[in-house]
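Chemist: Top line first, the protein sequences correspond to chains A and B.
Mapping to this note's numbering: the first sequence position 342 is 411, numbers consecutive.
Mapping to this note's numbering: the second sequence position 110 is 742, numbers consecutive.
These aren't lab readings, by the way, just hints derived from the structure by calculation.
There may be inaccurate statements among the hints.
No more than 27 Å apart at the CA atoms, straight line, and that leaves these computed lysine-lysine pairs for DSS-like [as the list claims (entries may be wrong)]:
hint, chain 1, residue 1, chain 2, residue 2
1, B, LYS706, A, LYS428
2, A, LYS250, A, LYS216
3, A, LYS131, A, LYS211
4, B, LYS743, A, LYS78
5, B, LYS758, A, LYS78
6, B, LYS766, A, LYS84
7, B, LYS772, A, LYS84
8, A, LYS383, A, LYS211
9, A, LYS216, A, LYS251
10, B, LYS755, A, LYS78
11, B, LYS772, A, LYS78
12, B, LYS766, B, LYS743
From a predicted model like this one, the values you see are computed outputs, not experimental measurements.
Each chain, letter by letter, is given below.
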Amino acid sequence: MRFPALIFKNMLRRKTRSAFTVLGISIGIATIIALGAVMSGMTANMEGMLKSGKADLVVAEKGVADMVYSRINDSRIGEIEVLEGVRKAAGVVFSICPVENNPFFLVWGVKNEDLPMVGMDIVNGSAFSQEDELIIGKTASKELDKKVGDKLILSGKEFRITGIFETGVPFQDKGVALPLKKLQEIMKHEGYVMMIYVELEEGADIEGVCQLIEERHPDLVTIKSASELGKVDKGLEIMDAASWAVSLLAILIGGIGVTNTMMMSIYERTREIGVLRALGWRRNRILSMILGESVLLCLFSVPIGLLLGVFGVKLLMLHPMIKGFLEPMYTLDVFAKAFIVAFAVGIIGGFYPAYRACKLPPSEALRYE
Amino acid sequence: MKNVITTRNLVKTFEEGRVKALNGVNLEVFEGGFIAIMGPSGSGKSTLLNMIGGLDRPTSGEVVVDGVDLCKVKNLDDFRAKKVGFVFQLHNLIPVLTACENVQIPMFELKLSGKERCKRAEKLLKLVGLEHRKDFVPTKLSGGERQRVAIARALANEPKIILADEPTGTLDSVSGDQIVHILQRLNKDGRPIVLVTHDEEIAEHANIIYHMKDGKILESNP
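Please construct the entire structure, taking both the sequences and the accompanying hints into account.
Modeler: Laid out in structure tokens, this is it:
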């Protein structure tokens, strides 16, 4: 028999208690998995949105708390387009509008000629040319059961679908796009765009162009990747912090459960620990055994938490309001985070009981009844 | 004959000196000796055994076991692992482990491979007549069998001395006799044994019987 086998068998002594402890920690792990997957999905969506099409970078208003509050005068598009290294600049607006029965539908306002720039490739039909026309994302067309030529009511106005587009970004493919002017009018945003997509000349230095834009337009900010989104969108950062806070709370509760379980185990096994010490076991070995049991309990909760987390997200995704916006992504990072947290909870939650156990004087432990 | 255990003026007090468990105990156990310690509850028998076995330290006095002055040893774990084999009234076997696995428990402190541990445990179970029960968990063994597993476990690290604290206390007379015979056999093989018991019949198997009262050894019956 090897030492890890002893740890494993010890854990099975009180199967029901161990099972409930594992379940408790699993809920914490499930929270980490679910929130992590949702956050990864949102970040990937934002990254996809920024990197879609031919654009190399995005320009937004500096200092805004969220991209939706960004307002850039239309005239800036032309001013940026003439800068050295810039091939093309395209202004866009976006909004959440009610579409038929869905109150939260992502709507893009883009000029017809800028559609390739923002990555909206027409896969069926053609681009819009009139104010009362729009194109619909591939996923949205399936979900709403709409095809080219059908009508769509958006913000109480009727539009004709002229084409179906695909960007490869789930977030965008679940929306629609209509002429920039029309959406500006609906949003009462005339003369302003929210973002400017910028395509660079071949071989242009992206850092240099960003610097140039920010120098010439100090009220604007350039974003090259999702990691820079914090410059204009605090939402992701706030949500990330909130997801950590919720995860930590869940883990704290799970950790207390582990400590409680291990403390009970120590009390029940006080005499046995005395015997082990009498048989020559060093303090460190007692410490390793108890910590090992505690870590093992937590590691067992990883696969269970994983299943619970995935199941929880699937349930969440059934909600029509969330369905269109969230596309969870189960990245390796999310699983690694869950595994590391479980391991840490095992060590932290088991440390005090293990310390108590190894500090027990053997003669006293043997007298314990 | 060489002294294996020597205690000189051994004193152990508890509760800041209010309780004197041992009050100047002088004891000598020679190589191959088998002594029994008898006395009423609270007379200090188990405390004396704990001092000899390095489970506790005396308040004053001296304990020398196999040439090791225990008062001078900083960490007694190693001493217990290599020099002493304990047998207790309650066997305290780990319920989820088989007899063979239970015997291997003390061997974790030795540098032995899993195979070597297993081989040694099987040999020890054979010594106590339980080789056929090696894969049984404690709940499937009788009280006497469990205590025999505990003896095999005490022998796991080939200790110099065996300290047995009421090893037959919870057993019927037949099982109790079996245990004493195993201890006698071990003693004949050269291992000194210190046996604490309430049972005179059991004590009579020893070479010398010491009686304790109020933390002192009163007399010996050679």
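Chemist: B:LYS772 and A:LYS78 were given as a pair; does the straight-line alpha-carbon distance stay at or below 27 Å?
Modeler: holds (17 Å)
Chemist: Quick one, are B:LYS772 and A:LYS84 close enough, alpha carbons at most 27 Å?
Modeler: Roughly 19 Å between the alpha carbons, so the hint for B:LYS772 and A:LYS84 holds.
Chemist: For the pair supplied as a hint, A:LYS216 and A:LYS251, is the alpha-carbon distance within the 27 Å limit?
Modeler: Given pair A:LYS216, A:LYS251 holds - Cα atoms ~21 Å apart, limit 27 Å.
Chemist: Given the hinted pair B:LYS766 and A:LYS84, is their alpha-carbon gap at most 27 Å?
Modeler: Between B:LYS766 and A:LYS84 the Cα gap is close to 24 Å, so the pair holds against 27 Å.
Chemist: Quickly compare the C-alpha distance for B:LYS758 and A:LYS78 to 27 Å and report which way the hint goes.
Modeler: holds (25 Å)
Chemist: Take a quick look at whether A:LYS250 and A:LYS216 sit within 27 Å of each other, Cα to Cα.
Modeler: holds (24 Å)
Chemist: Can the restraint linking B:LYS706 and A:LYS428 be considered satisfied, given a maximum Cα separation of 27 Å?
Modeler: Satisfied, since the Cα-Cα distance of roughly 15 Å is no more than 27 Å.
Chemist: Is the straight-line distance between the alpha-carbon of A:LYS383 and that of A:LYS211 27 Å or less?
Modeler: Roughly 19 Å separates the two Cα atoms, so the pair holds.
Chemist: Tell me if the straight-line CA distance from B:LYS755 to A:LYS78 falls inside 27 Å.
Modeler: Distance of about 24 Å is within 27 Å: holds.
Chemist: Holds or violated: B:LYS743 and A:LYS78, Cα atoms, limit 27 Å.
Modeler: Roughly 22 Å separates the two Cα atoms, so the pair holds.
Chemist: Please verify whether A:LYS131 and A:LYS211 have alpha carbons no more than 27 Å apart.
Modeler: With Cα atoms ~37 Å apart, A:LYS131 and A:LYS211 exceed 27 Å; violated.
Chemist: Can you confirm whether the C-alpha distance between B:LYS766 and B:LYS743 stays at or below 27 Å?
Modeler: holds (22 Å)
The structure is inconsistent with hint 3 alone, although it conforms to all the rest.
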